[in-house]
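Those sequence lines, one after another, are chains A and B. Going by this note's numbering, the first sequence opens with residue 1, and the numbers climb by one from there. Going by this note's numbering, the second sequence opens with residue 1, and the numbers climb by one from there.
Simulated from the structure, these hints should not be mistaken for lab results. From a predicted model like this one, the values you see are computed outputs, not experimental measurements. Incorrect hints may appear among the rest.
Here are the simulated BS3-like pairs of lysine-lysine, each with C-alpha atoms no more than 25 Å apart in a straight line [said to hold, decoys possible]:
1) A/K86 x B/K227
2) B/K109 x A/K17
3) A/K2 x A/K86
4) B/K126 x A/K17
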Amino acid sequence: MKILIVDDFSTMRRIIKNLLRDLGFTNTVEADDGTTALPILQAGTIDFLVTDWNMPGMTGIELLRAVRADDKLKTIPVLMVTAEAKRDQIISAAQAGVNGYVVKPFTAVALKEKIEKIFERIDAGK
Amino acid sequence: MPDKSSSSLDDFEATLKNGAVDLLNCIEVGNYSNAIQIIQELSDARHKSFYNEVGNLTRSLHNAIKEFKVDSVDVELTGTDEPENGSKITDASDRLNYVVEMTSNAANKTMDMVDSSVPVASELQKQAKELRKDWGRLIQRDLSPEEFRQLYKRIDVFLSYADDSATTLHTNLNTILLEQGYQDLTGQVITKVNSLIRDVEEKLVHLVAVAGRIDSISGIEHDLSLKEEDDTRGHGPAIKNDNNPEVLNSQDEVDDLLSSLGF
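Construct the entire structure; sequences and hints are all you get.
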């Protein structure tokens, strides 16, 4: 299980990386916005995407839409971890096909819960 | 029709009111030549008042801009090409960059300390668990003399490791504590920048007020409709959002919304 973490702040990437490691996901790669994330995704080894919303260049919602519009990538589960908490934004993320939405500041428990829920769904869908 | 030299809009309005009454009276009694005369005088008064007001406004505007001495505004209006060294806004921007840098350093240093503490705690736990198992057997008198001698040595090693580990953890915790000093320093910087922003806002409000008077005598109307906010770019963390029903305040609210959407 290889996870791509996309956030423009290196400290936030590090926090998420450490939390994921505690959950047993040790294979992670990082990108600082959608523009740098897409080529990594297109290389084809990523199984799970964790992305922020508000980033310079390509934002998280644009990245999500790009992923869902790409035939090779569209099935990758996407978890948004973001400070964006407007009702409309959450609705548009849901419409764009997000699999989970965690608002910052978040707890280790919340992150764990959402990731587990996403995997449960994927397993149930198989 | 008194030809007032006063320039205020109020005076012009009074003149206009009186003139209108006189004009009506003249028309009612059929004195059209006087009526035309009054219209002419009102028109002159309007021009005069307009030019005086423009003069006043130009002076106010100039003063307001002079007060609003910041960055590019200043450079542009004075027409000098020399860069304004150490302007307040540039300074504030540098200070905020310093805050970003400092908070990032503190966060990284803290995470370094956590990263170096976690394996120490794990190792301590692992060794203690193993010892406890054998210690339990000792209490149950279930140890061979050879195993007892081994345990004896291992306890010595463990105690020394526990001592060293506690020292390491203590040092790391202290480093984490000291790193929190960034809050004091960045807090001071942010308070300073905040007061600058208030100052600039006050001056801007003054400028806007002057501009508003220009609009009122020239009859310019602005399109005040609010620009639709673009959600795609993101807004950053919501602050003081208790009063905004459009912003959700917790993960629970987000979960509720998502589940109402069938998630």
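Hint by hint, which ones does the structure fall short of? 3
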